[in-house]
Amino acid sequence: MILPSLTVALSETRGRGVFTSEKIKANTVIEISPVLVFPVKEVEAAEKTLLFNYFFEWGKTKKKRALGMGYISMYNHSYNSNCDYEMDYDYETIKITTVKDIQAGEELFINYNANPVDATPVWFDKKIVK
Numbered sequence: 003m004i005l006p007s008l009t010v011a012l013s014e015t016r017g018r019g020v021f022t023s024e025k026i027k028a029n030t031v032i033e034i035s036p037v038l039v040f041p042v043k044e045v046e047a048a049e050k051t052l053l054f055n056y057f058f059e060w061g062k063t064k065k066k067r068a069l070g071m072g073y074i075s076m077y078n079h080s081y082n083s084n085c086d087y088e089m090d091y092d093y094e095t096i097k098i099t100t101v102k103d104i105q106a107g108e109e110l111f112i113n114y115n116a117n118p119v120d121a122t123p124v125w126f127d128k129k130i131v132k
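Position in the sequence shown counted from 1, then plus 2, gives you our numbering.
Watch out, some of these pointers could steer you wrong.
Pair by pair, the computed Cβ-Cβ distance ranges are [said to hold, decoys possible]:
#1 E14 - K102: 11 to 21 angstroms
#2 K50 - P123: 15 to 25 angstroms
#3 V42 - D103: 33 to 43 angstroms
Here are the simulated lysine-lysine pairs, BS3-like style, with alpha carbons at most 30 angstroms apart [what the hints assert, rightly or not]:
#4 K43 - K66
#5 K43 - K62
#6 K97 - K62
#7 K43 - K97
#8 K43 - K102
#9 K27 - K50
#10 K43 - K65
#11 K25 - K97
#12 K62 - K50
Simulated from the structure, these hints should not be mistaken for laboratory data.
No experiment lies behind these values; they were computed from the predicted model shown.
The C-beta atom is built at its ideal place from N, Cα and C for all residues, glycine as well.
Please take these sequences and the hints and turn them into a complete structure.
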């Protein structure tokens, strides 16, 4: 399930991203899509590919990796995101829900730390934490 107003387009400074063509209210489920789960024994090899930047850590121990189908792996990161995501390990899906009202034309962001306001630096962030 992907909300019909969502589209993938060029993001100003982040490659491609997910945008909406219509206003969306906070607490709206905008996508539920399956993931392709990479078992632990395949993670090392898979992380040496272009897929590395599109993976989610997966499973209770976070040792597996998952690649989102639908638009899941196309949402860009923000420390102050306008969406949140929830993983369902049993059904191998990820659900994206808005946490703020979003205007038409706006890009949708998730926080790769799995919390919309967690400012812990992610792997590609060049901030130095002291």
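**Request:** Kindly indicate which numbered hints from before are broken by the structure, ordering the numbers from low to high.
**Result:** 8, 9
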